[in-house]
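Participant: Each chain, letter by letter, is given below.
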Amino acid sequence: MKNVIEWIKNEWNSYSKNMRIALAVLFGLVALFGIFAIQILFWGLGYTDMNNNFAMGIWIIGDLGLVALGGGAFFTGFFLYILRVDKLEPLINSTVLLGFMCYLFTFILLVFDIGQPLRAWFGYSYPNWGPGLMPQSMLTEVVWCLTFYFLVLCVELIPIPLKHKIVDKIPFFHYFGHYLHKLMWIMAAVGTFLSFFHQGSLGGGMWGVLYAKPGWFRPHYFFLAIVAATAGGTSFMMLIPKIAGRIMKKEVAPKESFMTLARISGVMFVFYLIFRGYDLYSLFNTYAPLADRSYADILGGYYGWWVVIGELLLCLVPIVIFNVKKLREQEKLHFAGLVSGVAAISLSKVEAVLHGFSVPNFSWKGFTAYNPTVQEWFIFLGSLACMTLIYMAFARFFPLFPHLEKGGHGEGEATA
Amino acid sequence: MEKLERREVILMAGGAVAGAAVGTVFSGAPFLGLQWLVEWTQDQHVPAPGEESYLQGKCLLCPSACPISVRMIGNRAVKVETANNGCYRPQLAIQMLYHPERLKSPLKRAGKKGSGKFAPVSWEEAIKDIAAKIDELRSGGKAAEIAAINGAGAFASAEVLKRLVKSAGSPNVYSEPCYSSLSAAASGLTQGQSASIYYDFENADFILSFGARLVEGWGGDPGRMNRAFVDWKRRGARYVQIDTVCTRSASAADRWVPLNAGTETVLALGIANQLIAMGRRSAGANFAQWSQIVINDYTPERVAEITGVGVDAIKEIAAEFARARNPIAVAGRGASAVSSSSVEFAAIQALNSMVGSLGRRGGVMLADYSGLGDVALNAQAAKGLDDFIKNGSAGLLFINDANPVHRSVYGKTLADKMKKDGMVVALMPLLNDSAAYADYVLPTISSIEGEPIEARFKSMHPVDALLSIAGAVKGLENALPWKSFKDVYPLIGRLNLRGAGNFAFPVGLLKDYLAGFAKKIGDKKYPLALVPVEAPMVGDGDGMALPYVLKGLDGLTLTGSKLWVMMNPDTAKQEGVSEGSRIDIESSRGEIGSVKVHITKTVAPGAVAIPLGFGHEFYTKYAGDKGVNAKEIMSDDIDPISGAADWWFTRVKIS
Amino acid sequence: MSGHVAPKKKVSDMKRLWGMAIDLDKCTGCGACQVACSQENNMPIFDDDSDLPKRVVFLDLMKVTNDNDRDAKFGDVKVAYLPKMCMQCAGNDPDDPQPPCVSVCPVVATDVGDDGVVSQIWSRCIGCRYCQASCPYEARVFNWWKPRYEGSFKEGLNPDVSIASRGTVVKCTFCSHIWKRERDRLIAKGVTDINAVQYTPACVAACPTGAMVFGDLKDPQSPVYEEKLKRDPRAVRLVHSIDALRDTNPAEYERRTKIKNYPNPKVWYLTSDQWLREKLSGFKKS
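Chains as they are written, first to last, in the numbering used here: chain A, 9 to 424; chain B, 14 to 668; chain C, 72 to 357.
These are calculated hints, taken from the structure and not from any lab test. No residue lacks a Cβ here, since even glycine has one placed at the ideal position from N, Cα and C. Do not take every clue at face value.
[Claimed, not checked] Among the chain C residues that face chain B by a calculated CB cut under 8 Å, a handful are:
1. Ser109
2. Lys149
3. Ile258
4. Gly261
[To be verified] Pair by pair, the computed Cβ-Cβ distance ranges are:
5. A:Lys190 x B:Val59: 55 to 63 Å
6. A:Glu19 x B:Ala29: 40 to 48 Å
7. C:Asn320 x A:Gly318: 35 to 43 Å
8. B:Asn88 x A:Val119: 37 to 45 Å
9. C:Asn139 x A:Leu288: 20 to 28 Å
10. A:Val119 x C:Arg141: 40 to 48 Å
11. C:Arg141 x A:Ala344: 16 to 24 Å
12. B:Pro540 x A:Gly318: 40 to 48 Å
13. B:Ser40 x A:Trp385: 41 to 49 Å
14. B:Gln587 x C:Pro304: 37 to 45 Å
15. C:Pro304 x B:Ala528: 46 to 54 Å
16. B:Glu215 x C:Arg141: 38 to 46 Å
17. A:Trp313 x B:Pro540: 36 to 44 Å
Pulled out of the complex, with its shape left as it was, chain A reads as follows (with noise of 0.2 Å):
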């Protein structure tokens, strides 16, 4: 126990005095989301801005940007162990971390947005299968299908901890790992099919068959939400360890896994324009006059054509950045890219969430507001920084880039 504490003593005085304050407010905002998570759990979800017409909210949001972001993972893994673009192996432990806890921190959204926590199982013994093949229910689906590649990113993961220099001694973990690792390229095979499945429910699939709500029914909207995520996630899968970088003060992966990665990037981000466009004209003249509506009854209101119009104009900044060699080498113009490409991406699911609810049902009713109650801000600021926290911690204690332990320009075989 002493000696816990000791350890505990000395790492923190190891850290910078910006780090120190930075993991404060972190710990901060993570006791606030215990406590508040208490509140919710135990006396229901009165407390939130969330009511009867604006039946979800920011958890929601958060739940699709992860997923949307998370898929980033599946889309990289399957370019490094499908495609074979070794050029990507430096990136791969941090982008299957990031895939990790996105999907744990959806789910734990996710309970706190269920009113019966308690009943969360349901999902699995009484699924809204439905007649068919597919479930029934896009919930049904999400549900299944997060929890399959959660396991999948468990085994994905299970290795890089294994790697820690004093956990890798013990032969039964060395060979388990190694072992794992062997069937890696399966695990990547079923969690890209997996996670191509639930990014179109989540993030698409869930609104766009609610055929009898205007703001959402569209069919495509399973497809849109895929591409999104292969755009955005890549971005997502890049941007972090540039921060990590940043902060760290080193070169955590060789620049041209990152410029392989930004490319792949650009190009997704091109077919999302293209799609999103697609989309938007769909919804004016096909399916928003189904439901006898104009697009000025659609895109009105609070989080109506600012949101459209910047979702637009960000995805454009890493269009021509990263299609661009000359502008996606120059590190800031890449940083940018990458902050604007995840930006528009999450911008896209408030699009969906925000906005999807704020359309009014009846036409005597106007366009409907919400504001986060001081519990949902925080419960929802909580989990990011729960996993900022992990993120430093396997950053701190375990092989995340392997490429900085090689001290070199470490390829291939560096995490085999």
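Model the placement of chains B and C on the given structure of chain A, informed by the hints.
Facilitator: Same frame as chain A, but now just chains B and C:
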């Protein structure tokens, strides 16, 4: 038996544990356990089961006495059913019956008056004390100091209380101003008979309502109005609603004629002008002088300017009114709460007189309800309740199912007087703003108790409570010879209709009124007019104690504890307020605030429409801290005939 | 782990198809339906029940007005009160009735009954509110707080309707427990054809002006015979203006009723006011 190796034992034990674990999971027991956990953590109430039965009875909330059937589970009443003929009120009976703040026994004041602190006492003690007070006043020659205020909805107990107080020797029995009391005062003025004006809605074919919101609880008998309304639709009778606000009645009407706040009398004169132009005359006394005023001063152009109703519309309405076979012009602005001046009643009744609707089928008659017989007294009472509050005083005041502190514009005055004056006795099922100033509060039953449901706690039918008091007073034994409310009901409430009698035009009063009106609308300091509206079921405030009533409020009546007022976009622009702005409203009497503004074209320019019935200070926690009471600043000019304040429209400014 | 593989419920197989018609010309907005509904269905009682967006109430009394229309003028505007409950959507396919809310529920807490009524099992619901998101009529409400019934208010609770837990979605079921009650009564008397039993929901029974009528949409004798309602020029259904196309553009009407995003509600509103028909049925600016 072969000896088992240690290794094998461990393996077997491990296998058994693993098997048991798997078996348990697949048996579903953990899930069932979780399910129990779910239920246990929720701690949900399960309604007690019981045998189902139905009790038949009558709703005694109004003279219609609709038959009701109460669904019982064991000895619990769970639902009131009516046969499509009543109003919403029987549906609220269960809420009232099981209201957790129902008074459980008679209460005696324990703190300062108005503090709302009470201690329970026995009925015997309360009755003895009250009877002793009556004895004391009577023996001291101060019998006239006994006074009573009856609620507009109390009818059997109102009759008994009237008889009790009058037999004791005091003329001071007042009713909260309502349609029947105001119209009775007006018919006393114009027809010389103090009986309320009865419109034959069942047979009329053109109903011209001057701000009387007929389907919103108007006239104290919503069941009758609902039936009449359906009948109009079926018969094709035409219903024209003149109102400053597009209320529910205005929407249900065939035509809504919007007019500027408070100008109903002027519009009636304008229509009279047109009727005269069409050659219609009245045989009433003083018609010549009256028509001189109408012809000279109330030309359609002038009336249009004052009322905001177009010249064409005035002519159209007059023509339709004259053409109809059985037209009636309805006076008595308001819904549950009514406020019209006697002159306004006269001006509108004049229209009926000019088309010959007075005293005929499908027209207008006079009505009174059978009572317990009057007691002749020499002493003179005040003109009406507000007059009494302003100028009178009481050594013993009964408040029977009324809430004048909240409902009268003189509520604050009354509260102050009650603090200083003698004993106050309140009879009601729930403590309200007025009962907070009482010395004794006697718990009375809700509408379905007594019959068919047994009375809860120690509450009593108000008639029985009053009879017990009378029985304890020396010398009143014979004045109220009945044993219980069951003996009283057959005697009262029977409708007696009579012809309208001779109509006399109150020319002098009209001149006074018009002079006052001109001064009022010329007030530059207060540029806007405050007019009341009523939210569904809230009425004049009684409904606020019942949570299911609050569930019916829309988001533009009350949000949080803030009340919304309505304003025309033009007014809002001129005053510089926008949707959702918080404002205070100030009249010459004071200021209320803050309220939120809803901008809507359903309100006339220059008017601010405010819902009545909110802003209770003492009326269960459900009504607590909800909105403001507009009566606090409403106009307090007392009508010289009815003695009630004419609060309908008040000059205000907003900030 | 049994999946939900129920046989399809065809509308043609249903013995009853309950529906409602509300004549807004006769509605005075008195609120009797809303109180009767709350009393019958054990609506929770909180200290402040005027808290509109989180209010738990099956039947909402909505105020509708055309005064937010750009060309509306003072004097021409009107208001109407609209009793709005669950519309019990039938979906566009009579061979597979799919209300918007049923297919989205992840735990089969809501389903279409043999009488076309959309049921909701309080105790199955996990409170994800996906059905609320899918409902175009805002008919579903969520128990944001634990339902409360202070003190003696508990005495007035109806044992036929179970009390929901905090964090579950609840909704109007056309008072189908009353149908069960009526059928049980007749079974006790020896009647075997229980589907012949009719009933009246609490709101309809309480309407003082007879503005609300209830019955079997398939029964030609019923006041809500669907074929008759479809031909009624006063009839309109909420949010969708498809009904108005029936006479003006039959081809488009046919097409619209076939496409998926048509919930096909079973509650009809009747009004002779043109503005109100337009307001109720759609967003078209007149």
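Participant: For B:Glu215 and C:Arg141, compare the CB-CB distance with the range 38 to 46 Å and indicate the outcome.
Facilitator: At 42 Å between Cβs, range holds.
Participant: Can you tell me whether the CB distance of A:Glu19 to B:Ala29 sits inside 40 to 48 Å?
Facilitator: 45 Å, holds
Participant: Assuming the hint says 37 to 45 Å, is it satisfied by the Cβ distance from B:Gln587 to C:Pro304 or not?
Facilitator: 42 Å, holds
Participant: Just tell me: holds or violated, for the beta carbon distance of A:Lys190 and B:Val59 against 55 to 63 Å?
Facilitator: Holds - the Cβ-Cβ distance for A:Lys190 and B:Val59, about 58 Å, lies within 55 to 63 Å.
Participant: Please check whether C:Ser109 passes as an interface residue: C-beta within 8 Å of a C-beta belonging to chain B.
Facilitator: OK, holds: C:Ser109 within 8 Å of chain B, min 4 Å.
Participant: So does C:Pro304 sit 46 to 54 Å from B:Ala528, Cβ to Cβ?
Facilitator: 53 Å, holds
Participant: Could you see if the CB distance from B:Pro540 to A:Gly318 stays within 40 to 48 Å?
Facilitator: Given range 40 to 48 Å: holds, Cβ gap about 45 Å.
Participant: Look at the Cβ atoms of C:Asn139 and A:Leu288 and judge whether their distance stays inside 20 to 28 Å.
Facilitator: 26 Å, holds
Participant: Is it true that the C-beta distance of A:Trp313 to B:Pro540 lies inside 36 to 44 Å, as the hint says?
Facilitator: 39 Å, holds
Participant: Taking 40 to 48 Å as the stated bounds, is the beta-carbon spacing between A:Val119 and C:Arg141 within them?
Facilitator: With Cβ atoms ~46 Å apart, the hint holds.
Participant: Does the Cβ-Cβ separation between B:Ser40 and A:Trp385 fall within 41 to 49 Å?
Facilitator: 43 Å, holds
Participant: A range of 35 to 43 Å was offered for this pair. Does it hold for the Cβ distance of C:Asn320 and A:Gly318?
Facilitator: Holds: the Cβ-Cβ distance is about 39 Å, inside 35 to 43 Å.
When each numbered hint is compared with the structure, violations occur for hints 3, 4, 11.
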